[in-house]
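Make a model of the complete structure from these sequences and hints.
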Amino acid sequence: MLGIGEKFPEFKLQACVSREKGKEFAEVSNANFKGSWAVMFFWPLDFTFVCPTEIAEFNKAHKDFNAREAKLFGLSADSHFTHLAWRENHADLKDLQFPMVADYNKSLTHTLGIASKDNGAPLRATYIVDPDGIIRWVSVNDLSVGRNVKEVVRTLDALQTDELCPCNWEKGQKTLG
Amino acid sequence: MSNINEKVDAFLETNYPNATTTIYRDLSLNFKKVLEDSPLEPQERFMNLLSIAVALENKEMVHLAKSVLNELSTAPEVIQEAAEIAGIMGMNNVYYKFKSFLPPEVAAADYTRAGLRMNSLGKPVSGKKDFEMMSLSVSIINGCPVCVASHEKAVRHHEVSADKVHDLARLAATAKGLTSLKKAMTL
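Chains F and W supply the protein sequences, listed in that same order.
Each residue of the first sequence is one higher than the one before, starting from 1 at the first, in the numbering used here.
Each residue of the second sequence is one higher than the one before, starting from 1001 at the first, in the numbering used here.
FYI, nobody ran anything at the bench for these hints, they're computed from the structure.
Each hint should be verified, as a subset may be incorrect.
[Claimed, not checked] Some chain W residues judged to face chain F by a derived CB distance under 7 Å, without partners named: (1) 1012; (2) 1112; (3) 1114; (4) 1117; (5) 1121; (6) 1122.
For each residue, glycine too, the CB sits at the ideal point set by N, CA and C.
Written as structure tokens, this is what we have:
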């Protein structure tokens, strides 16, 4: 499994970004979060039980991610059409503020090493990627256990909080130059 | 630059009408000297004046600084950052003063990690040299010893001359003096 300090893999995938007719789909790639913090969270399968509550929680926390200038992406191996159908179908998913990305051929899932040994679906993995594209946090739950989104926000906060002022110069930290 | 000098004069005349005391003359002439005849570039003078004026909560002085910066075609984001530096340095000056009041062993043992976000220091809109200069100016106003020492060092590292740095201190000092003088007239 790809871990801390490694570069988040390159990808270019279709996503469902809205329910608005004619604007449902868009391509999502690393270019969409180049130079920003990003939170990528995977779920195993659309139209199942645990997933919508988690996705809705991430959506509720969207303004917290926004406040920290972190871009949010949800992913599973379903197609972008299935994502759209699920959004239309489920009340909690109607107003999602972030893209539902379709890792349809599971290339990203496999490169990251997060495919379930049971059924090949992506495990509930969450990645925090820094503005240089490096993985700074990864958390993976088995299929049946939902995530604590507050913990993701807390961790992002901690990763972003660093003493950058010159008073720490003496201690050999990197300069602002 | 005559338009800038006119603005400075107008500021003084409006805010200190008919002032003739020696104290007023000392303060106003010192102020004018730094703003009109300094190794600091005009934009440097007024960006620092803006940060200082916000730190001093001096509305008319903020207005003067912004007016001149607009005259100098300074980008709005740069002007905004100059004003907001008083905010981020307000935070850092208070926090690092707290640490500097403690015995060093205690500070190092019990209060190591600041736990304060300061990402704004990492990628300043104004560029690092200017950001450092303004941070120094505000730190001088707020009187944080550690901050003043480390920002002076940082500014000199960015190859800003001692003469320029000295004028930043004079600018902060005269701005403070004039702000208090205004209180003398209005309190």
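Check your understanding: Any CB of chain F closer than 7 Å to the CB of residue 1012(W)?
Key -> Status violated, d = 35 Å.
**Study point:** Interface hint for residue 1117(W), Cβ within 7 Å of any Cβ on chain F
**Key:** Check passed: Cβ of residue 1117(W) comes within 5 Å of chain F, closer than 7 Å.
Practice item. Closer than 7 Å between Cβ atoms is the bar; does residue 1112(W) clear it against chain F? Give me holds or violated. Key: Violated, about 10 Å.
Review point. Given residue 1121(W) as an interface hint, is the shortest Cβ-Cβ distance to chain F below 7 Å?
Key: holds (4 Å)
Review point. Minimum Cβ distance from residue 1114(W) to chain F below 7 Å?
Key: Constraint on residue 1114(W) satisfied, holds at 5 Å.
Check your understanding: Would the hint on residue 1122(W) stand, with a C-beta cut-off of 7 Å toward chain F?
Key -> This hint holds: residue 1122(W) lies near chain F, its Cβ roughly 5 Å from the closest one there, short of 7 Å.
Going down the numbered hints, you'll see the structure goes against 1, 2, while the others check out.
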